[in-house]
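Just so you know, the sequences run in chain order A and B.
For the first sequence, position 634 (counting from the first letter as 1) is numbered 634 according to the working numbering, and the numbering increases by one without interruption.
For the second sequence, position 258 (counting from the first letter as 1) is numbered 258 according to the working numbering, and the numbering increases by one without interruption.
Note that these hints are calculated values from the structure, not bench results.
Please note that the accuracy of each hint is not assured.
[Said to hold, decoys possible] No more than 25 Å apart at the CA atoms, straight line, and that leaves these computed lysine-lysine pairs for DSS-like:
#, chain 1, residue 1, chain 2, residue 2
1, B, Lys241, A, Lys156
2, B, Lys441, A, Lys156
3, B, Lys592, A, Lys156
[Stated by the list, open to error] What follows is a list of derived Cβ distance ranges for each label pair:
#, chain 1, residue 1, chain 2, residue 2, range
4, A, Arg105, B, Ala123, 25 to 31 Å
5, B, Ala123, A, Gly155, 33 to 39 Å
6, A, Asn480, B, Gly101, 52 to 58 Å
7, B, Gly223, A, Lys133, 31 to 37 Å
8, B, Phe487, A, Glu100, 49 to 55 Å
9, A, Asn480, B, Lys494, 57 to 63 Å
10, A, Leu99, B, Ser104, 47 to 53 Å
11, B, Ala123, A, Arg603, 29 to 35 Å
Just so you know, these numbers come straight off a predicted model, no measurement behind them.
For each residue, glycine too, the CB sits at the ideal point set by N, CA and C.
Chain residues, written in single-letter form:
2 protein chains.
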Amino acid sequence: MTRKLILFYIMFCAGICSAGSAVAQQAQWIWYPGDYEIWLSNHFQNRRTERGTFFPVFWKMDNHYVLMNFSKPVELSQAEELSVFAEGQYNVKVDGKMLEGMPSRVTIPAGKHNINVKVFSQAVVPAIFINGKTIKSDSSWLVTFEDKEWIDETGKTSDISATKWLQAGSDNFTDPAQPPSAFKLPVKPVYASSAQVNGASRLVDFGRETFGFVKLHGLQGTGKLTIYYGESKEEALSPQKAETLDRLLINISNKVDSLMPLSKAFRFVNIVSEGEVKMDSVSMLYEYADIPDKGSFSSSDEQLNQIYEVAKYTLHLCTRGFFIDGIKRDRWIWSGDAYQSNLMNYYLMNDNATVTRTMYALRGKDPVTSHINTIMDYTFYWFMGIYDYYLYTGDKHFIRQNYDRMESLIKYVMGRRNKDGLLQGLPGDWIFIDWAAGLSKEGEVSFEQLLFARSLETMSLCAELVDDKDGAVRYRDLANGLKEKLFNLYWNDKKKALVHSRVNGQSTETVTRYANMFAIFFDLEQKMAVKSSVLLNNNIQKITTPYMRFYELEALCAMGEQKYVLGEMKNYWGGMLKLGATSFWEEYDPSKKESEHYAMYGRDFGKSLCHAWGASPIYLLGKYYLGVKPLTAGYETYVIEPALGGLQWMQGKVPTPKGEIELFVSNKEIKVKSPVGNGILKISSKKKPGGQNITPLAKGNNVYEISILPGREYVITYTAI
Amino acid sequence: MTRKLILFYIMFCAGICSAGSAVAQQAQWIWYPGDYEIWLSNHFQNRRTERGTFFPVFWKMDNHYVLMNFSKPVELSQAEELSVFAEGQYNVKVDGKMLEGMPSRVTIPAGKHNINVKVFSQAVVPAIFINGKTIKSDSSWLVTFEDKEWIDETGKTSDISATKWLQAGSDNFTDPAQPPSAFKLPVKPVYASSAQVNGASRLVDFGRETFGFVKLHGLQGTGKLTIYYGESKEEALSPQKAETLDRLLINISNKVDSLMPLSKAFRFVNIVSEGEVKMDSVSMLYEYADIPDKGSFSSSDEQLNQIYEVAKYTLHLCTRGFFIDGIKRDRWIWSGDAYQSNLMNYYLMNDNATVTRTMYALRGKDPVTSHINTIMDYTFYWFMGIYDYYLYTGDKHFIRQNYDRMESLIKYVMGRRNKDGLLQGLPGDWIFIDWAAGLSKEGEVSFEQLLFARSLETMSLCAELVDDKDGAVRYRDLANGLKEKLFNLYWNDKKKALVHSRVNGQSTETVTRYANMFAIFFDLEQKMAVKSSVLLNNNIQKITTPYMRFYELEALCAMGEQKYVLGEMKNYWGGMLKLGATSFWEEYDPSKKESEHYAMYGRDFGKSLCHAWGASPIYLLGKYYLGVKPLTAGYETYVIEPALGGLQWMQGKVPTPKGEIELFVSNKEIKVKSPVGNGILKISSKKKPGGQNITPLAKGNNVYEISILPGREYVITYTAI
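Go ahead and model the full structure; you've got the sequences and the hints to work with.
Here you go:
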C-alpha cells in the first residue's frame, strides 16, 4: 500500500510541475475531491418532506475532512502578489515558513517556491481561492487531509514523502466573493396558467409538472393557510392524502408577497384557508440547473417527437445539481436511477460535472458500511457508471481521483462473497432489481452476479488507467471467472435462458427478464435464443417500470429490433402522454385505470409522476436510432449505425467531448458532420452508397462502412433496406 | 462480522428494555458516541496560534455523522407528553409512523411503543434532548448512522435487524436551552499582581503561570497595540521571539474594555503601543475546567508538598475539556501525554468524563490512515489507557462502545508487521519514544514491540468484556507470542538488559532505559538485574523529560526504591521550583543555565513551561507512597502498600469510583478509611501490627497483610522498618 501511495505522490507531482510551467487558467475555488460534492448532496438530499415532515435518507451520510492542506510548487520569473480567500480559518506557508496571521495578500518572490495553505472549517468544506498573475488555484494544486509534517526537538522537519496527496477538486466556482458554500440553484418566475377560486380554496394550475418555490402575492389577513401540492389535480385536491404540503399561520395587516422556504414538485397547488385570509395571485420561482442541451432528436413521427420533448423535460427536472430520482420524492440520489440519467445525459446535456458530482455523492467516504443506497445492485451500477463515464468522456483524471474509493468498495463486496464465490443478500443488503410483484430475492440471484462481473471488468479497466498492473490482471481474472460461473450455473438450455436464481445450491427454474437482457451485452453466443425465449416471450413476467424497460428495450435495439422497440416506445411512453402526463412516471402499468395510476407504496399518491428513469427515450433514440456510440474513450473512435425503425426520416445531434455529431437520416440520404475522432458510418443499402469524399467498404450482406473524419460534411445517398 | 453486529443489537436491546422499566434519571442531551467529543476537540485543538498565526495539527481530524437516528422502546402505564429539543432538522416517529412537522411536544399513548427521532445537522453534531415524566433521553437510548429501513412498492417496511445500534453518548448536558454545541469552558476574572509601565510598554505580571483571555481596561486612543505573551519574563520582553502575541489596531474615542478573542498561556504580558494609545489597567479571564480535586497528599517534607501543589496546578491548567499536552503549545491532545494525565487524574480529580472525552478525540473515526498523532508509540498508549481506565473505573460501558474502534485500530497495526511479526517505522510512522539526542529510531525498536504486546493484552481483556471469546484467545496468543519474541530477540544476558533495537535482523548492542523500565511491569524475572544494570546505571544515557522520568521513577518505585525516587523528585522537580517555575516544564536539563532553559525546537522560547507530563509526582505519590492501587476493576479489590521513602509522615486521599480512600502514615501509625471494595493493607513492621478490628496476616520477612473493609476506620500501630 505504502509504495503505491508514494507512487501516486510522484505521479501527481510530475503532473503538477509540468502544469505549473504553463500559464494557468482562471482561478477556481478548490477543495478535497468529493468533499464539497458530499457536503452539497447532504443539503440537497435533505430537502425531501412528506406532509410537512422532514424525510431524510436511511443510509450513512458522510462528512468532509475539516482540516485540509493545499499545496502548490511554483517557479516564478518575477515576484507575484496573490489574493487569498478561504472558507475557514487558515494559515499560509511559503517554503515551509508560516506567514503571520491570515493574510489576504501574499507576495511570492521570484524563483522556485512551495506554497501551502492549511484550512480548518467544521460547518462548510475547507476551500481556497488563490489568484495571482500566473498562480491560480485550480485542480493542479495538491491536497491532503493529513500532512504528517512534524519537527524534532532541534526544529528539524520530518520527511513527509509518505503523505498522500490528491489533486484538488473544483467545480467552476470562479468568483472569490461567491464561495462554494453559498451555492444555490438559479430560479426564475413562472406564472400559473389558470386558477379556480372556490370558497376558501384556490386551485392553481401551472399547466405542466414543475418544480420550485410557490409565491403568494398580496397575502393579507388573519388565519391559517395550507398549500396542498399535487403532481395531479386529484392529489392537490386531497387534503388527507397529498404527499407534500405547507402550513402557514397568517397574521398580516398590510399586503405582502410570501415565498415558501422549500422548493416542491407540482403541477397543481390547492390553497385552503381558514379564517380571514386573502391573496391576489399565486406564482412560483422555478428552480433549475442551468445546463444547456447539446443533443437533439426529431423525426417524421410527431408522437415520437413529443415523447422526446417530454423525456427531455423530465430529465431536466430531475437534474438538480445531482441526478436525483424524482422531484416530488425521493429527491435523493439513487445509484440505479443516476446510472440511467448519466447515460441519457451523454445524449442530451453531456454535462460531466453533474455526472462526477453525482458519483462522488453516491460513493461517499470510507469506511464502507453498506452497499450504495443499501442496495447491492446499486453498488454495481456505480462501478458500471464509472466505465460509461470514461467511455463517453475519456476523463482519466476522475478515475485517478477515485481509484482508492473504487478499490475499497470492491473490497467490501468481495468480502461478502459466499463459499462459492457468489453474492447473496446478507442482513442489511437490499436486493432491489426492480419494483415487480413476487420477484424472488432469495439465494444467489443471477442478475446480481452479472452486475458484479461487469463491476469487476470496470475495476480491471480502471486499474490499467492508473497503472495498477497487478490489479488489472487480478480483476480481469476475477471477472472472467465469475462470468464463466454465471453461465455454468444459471444457463438452462431447455429454457434457452439464464434462470433467476440459485437457492441452497440448486438452480431454480424461474426465468425473469433481468439477467437475460443484461447478458446480451456480454456477447452471449446464445443471445438470439434469448431474444425469442425471453425478451419477446409474453409468458415471461412483464416489466412495468420505465426503469427496467430501459434495459429491455436497449437489449432489443442492440439486436436490431428498432422497429419493434419504436412501437413499444409509442405504446408505453405514448400511453402516459395520452393520460395527460407532462413528465414521465416512476411506473406505468397500462392495465390500470384513472387515478389508480397515481398510487404506489400503499399510498394513493405515492407514485412520482416525474422520475428520471422515465426519460430513457433520449438514450434509446440517440444511441440506437441515430445510432451514435463511442468505441473507445472520449469518441476517439466511434460508430454511427443509424436505424430508422420505420420512421421516414430523423435528424439530430449527439454530443461528444469536442462538440456535436450532426446527423440527418432518411431512406435515401444520410448527412453527417462530426467534430471528433475517427468514425465509421455503418449502413445497410441495396446499392453501393454514393457521395463526395466517401469510400464505402462493402462488408457483405449489403452492409457498408464509410469512414467519417472530423470537420467534414458528408452527404451520402443510399437505398435503405 | 454480521452475526456479531446482530449480537450487539440484541445485547443492547436487552439492556435497554430492562433499563426502560425503571424510572429514568435526569434527561440529557445525547448523540452518537464519540461524535460530539471529536467535534469539540476539533474546535479546542484549533486554538493554537504561533505569533498570531493559526497553527493546526498535522494529522487527520475527523468529523461527525450528519444524519442520526435515535431510538427508544418504552412501556407506559399512562400516556405521557414529551418535550423534544434537537440540534438540527428532525422528525419524530412513533411505532414507525412519522408525526407531522418538527414537533416540540409529542404525546406517547399508554402501552408499548417505539420512539425514533431522526436528525440531520451538518455544522454541529446531531443531538436530541427528550423530557417526559418517565421517558428521558439518556445513554440507554440507541443510535445509528444508518437505519437501512426501506419499504417495498406495497409499502411494506424492510427487516432492519442488520442495523447496527450503539448506546447514545452523553456528557451531562442537562439543560435543554444549553445544547452541546454552545458549550464553553467557564471563566473568572484574575487581576495582575504587578505592572511596570516603561514608556510605550507595559509589563504585567500575573504572579504565576495562567491561562485565559487578556482584558485591557479603559482602552482609548489611536494607534497600534501588540500584546506579547510570556511564560517567562524574557519571552514577554522579546518582541522578535515571543511565541504568542495579539496585534490590535486601535481607534477609540471613548474608553472601552477590550477582551482578547483567544485564550493564551502566560505569566507575563508585555503590551507595546505605537501612536497615541492609553489604558487604565490589565486583567484576565481565567479559563478553566471546573473539576474538583478528590485526591490529596501532604507530608513532613515541605518541598515535596510544594512539588505536589505545583504539579496539581500544572495538571489543572492542562485539563481543558480534554487532557492537552501544554497550554502555550501545542494545546493539542497527544496520546502519550494524555496517557500520563489519565493516570494522574485517577489520583487527583478522578474525572471519568475528561478521560473518555480525550480517548474518543484521540481515536477519531475509521478508516485508520495513520497512527494516533502519527506516532506509533502513541497508538499503543491509547490501548494501554483503555486498560487503565477499566482498571481504575470498572466502566464496561465505555469498552463496549469502543470495541469496534479498538479492533479496527489494532487491525491497522497488525497489517503493518514485517515478515518477522515485528513493527518497524514505515513511511509516515513517527517513532517518537522521547525527546532525546541521538536516539535511534532505525529498525525494530524493542520499546515499540513491548508497547505493542501490552496493547494486545488490552485487546484480549476487552474482547472478554464484550464476550468476543475468539478475540480474547486470539489476542492473548498474539500478546504472549510477541512477549516471548521480545525477550528472545532483545535480551542481552551480558548487559543484563533489553537492547534498544534490531537492525537488518541483527540485535544492536545499544542499551537505553526505555524498554527496560517498561519491561519491569511484565514481571520480568530479570528485573532486579535491570535495576542496577540500567535504571541505576549512570552510564546509560539520562532522561531529560519529565515524560520519560514518569516511567523511570515508576519502575524504581515498583521495585521498592521510594527513598531513591524521593531524592530524585526533590532534585528534579525541586530543581525547577528553584528556578522559579510556577508550573512544571516540558523538559528540564539541570545542566542548562538561565534562559537556556526556555529554548527548544531551535527556538528561544520554544519550550512549554506548563506541560501536563511535568505533573507526575501526583501519580507517584498516590500510587507508590500512599501506595493505593486497584487490583481488579473499579477497586473491587485493591492494595494499600504505603512507603514513606524517608518521610516522617504523610497523609492523603486517593479517589475511587465510590469515594476516597483516606490514609495517614507515619513510622508508628497508619490510619485508613475506605468507602469501597476489599482492600489489603500491606506493611512491613518490626512487630506484629496492632489495632481494633484488624487481623494481621504474617507473610514472613516482617510483612503483614491486613484486610480493609469499606466504611470502617482503622488505626494501626506498627514499627516501620
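>> For a quick check of understanding: which of the numbered hints are violated here, in increasing order?
In response: The structure conflicts with no hint, since it agrees with every one listed earlier.
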